[in-house]
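**Student:** Numbering (UniProt numbering), first residue to last: 1 to 306.
Please note that a few of the clues may not be correct.
[Claimed, not checked] Derived DEER-like restraints, expressed as beta-carbon distance ranges:
| hint | residue 1 | residue 2 | range |
| --- | --- | --- | --- |
| 1 | Gly299 | Arg203 | 18 to 26 Å |
| 2 | Asp200 | Leu148 | 39 to 47 Å |
| 3 | Asn35 | Asp131 | 47 to 55 Å |
| 4 | Asp202 | Asp257 | 27 to 35 Å |
| 5 | Lys256 | Lys127 | 44 to 52 Å |
| 6 | Cys150 | Lys18 | 20 to 28 Å |
| 7 | Arg203 | Gly20 | 18 to 26 Å |
| 8 | Gly34 | Ala253 | 37 to 45 Å |
| 9 | Asp246 | Glu133 | 30 to 38 Å |
Derived by calculation from the structure, the hints in this document are not laboratory data. Every residue, glycine too, gets a C-beta built ideally from N, C-alpha and C.
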Amino acid sequence: MLDTINPTALTSFRTAAKTGQFLITAEVTPPKGGNPEHMITMAATLKGRVHAVNITDGSRAVLRMCSLVASAILLQNGIEPICQIACRDRNRIAIQADLMGAHALGIYNILALTGDPVKAGDHADAKGVFDLEAVRLLQLIHKLNQGLDCNEKPLTDGALDLFPGAAVDPQCASWSGLQSRFERKLAAGAQFFQSQLITDFDRLEKFMDKIAAGCDKPILAGIFLLKSAKNAQFINRCVPGVNIPDHIIDRLAQAKDPLEEGMKIAAEQVKIARQLCQGVHMMAVKREDLIVPILDMAGVASISKL
1 MLDTINPTAL TSFRTAAKTG QFLITAEVTP PKGGNPEHMI TMAATLKGRV HAVNITDGSR
61 AVLRMCSLVA SAILLQNGIE PICQIACRDR NRIAIQADLM GAHALGIYNI LALTGDPVKA
121 GDHADAKGVF DLEAVRLLQL IHKLNQGLDC NEKPLTDGAL DLFPGAAVDP QCASWSGLQS
181 RFERKLAAGA QFFQSQLITD FDRLEKFMDK IAAGCDKPIL AGIFLLKSAK NAQFINRCVP
241 GVNIPDHIID RLAQAKDPLE EGMKIAAEQV KIARQLCQGV HMMAVKREDL IVPILDMAGV
301 ASISKL
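Assemble the whole structure, with the sequences as input and the hints as a guide.
**Tutor:** Given below as structure tokens:
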């Protein structure tokens, strides 16, 4: 049990989402091993500047500590988590068990994901489960919140109170597919949407105007810190669905200090996103300590002043 933190007090993300505030979340990667100190240190730099810290669940199918335990560790340190749940590695029994455990620990924010393909990761011979995918996971969370399991049987020890979100990719090549998937996730109960890494903000604006308009759910634009041209090329090569344009890669390649230039690019993107949607999701892999300086460069105040 959590002795020092009152879990019910750590619900600022849900409150901010429902009251229309500009949302700021950031992504932190769980450790590869048993020592969470680096993760805790990085997450602690974000206190007061983000509404919640998003904990990845085997992103790119690469082995890391499970998101549920990593989220619990952050909660113990007074940091509100968003726990990612990917369908790749668990069947519906295990997923329901994890969601019950999350609720019992006071972890209420859940990002429902299908999960990256096994072949993309570091255990290519592993077997993907995919008993569910993101839409059916959202439907499952809705049932659990109503006090029912996936077989419509009552939860005899109490309903859950989870706040589920979903991923969205406004840069998807198929516009009809993007609209269909978004509408299905909305109907399944998604309360917020977190986008993939955004580089085409014209496309994001079109998505907001043509598809997301009137949905009454916050959309958070994914902002990614690119550390160098080589880093950008790696992302293009290894992260499914991402296409960083040449003009950004060239800008990084020509910069005297590529990391500083990457921070400037990210800050510029935050400023654009503030004009288009209700939030940003900050990603700075292994340099989460630079997220606050990027927010400062973008003129984003602490969450208490938003």
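**Student:** Quick one: are Asp202 and Asp257 within 27 to 35 Å, going by C-beta?
**Tutor:** Taking Cβ atoms as reference, Asp202 and Asp257 lie about 28 Å apart, which means the hint holds.
**Student:** Would you say the C-beta atoms of Asn35 and Asp131 sit inside 47 to 55 Å of each other?
**Tutor:** The hinted range 47 to 55 Å is violated for Asn35 and Asp131, with Cβ atoms some 32 Å apart.
**Student:** Given the hint of 30 to 38 Å, check if Asp246 and Glu133 actually sit that far apart at their C-beta atoms.
**Tutor:** Taking Cβ atoms as reference, Asp246 and Glu133 lie about 33 Å apart, which means the hint holds.
**Student:** For the hint 18 to 26 Å, verify it against the beta carbon of Gly299 and that of Arg203.
**Tutor:** For Arg203 against Gly299, whose Cβ atoms are near 24 Å apart, the range 18 to 26 Å holds.
**Student:** Assuming the hint says 20 to 28 Å, is it satisfied by the Cβ distance from Cys150 to Lys18 or not?
**Tutor:** holds, 27 Å
**Student:** Within 18 to 26 Å or not, the Cβ separation of Arg203 and Gly20?
**Tutor:** Given about 24 Å between the Cβ atoms, the range holds.
**Student:** Is it true that the C-beta distance of Lys256 to Lys127 lies inside 44 to 52 Å, as the hint says?
**Tutor:** For Lys256 and Lys127 the Cβ distance comes to about 47 Å; the hint holds.
**Student:** Go ahead and decide if the range 39 to 47 Å is satisfied by the Cβ distance of Asp200 to Leu148.
**Tutor:** holds, 41 Å
**Student:** How does the Cβ-Cβ distance of Gly34 and Ala253 compare with 37 to 45 Å: does it lie in that range?
**Tutor:** With Cβ atoms ~38 Å apart, the hint holds.
In the structure shown, a violation is registered for the earlier hint numbered 3 alone.
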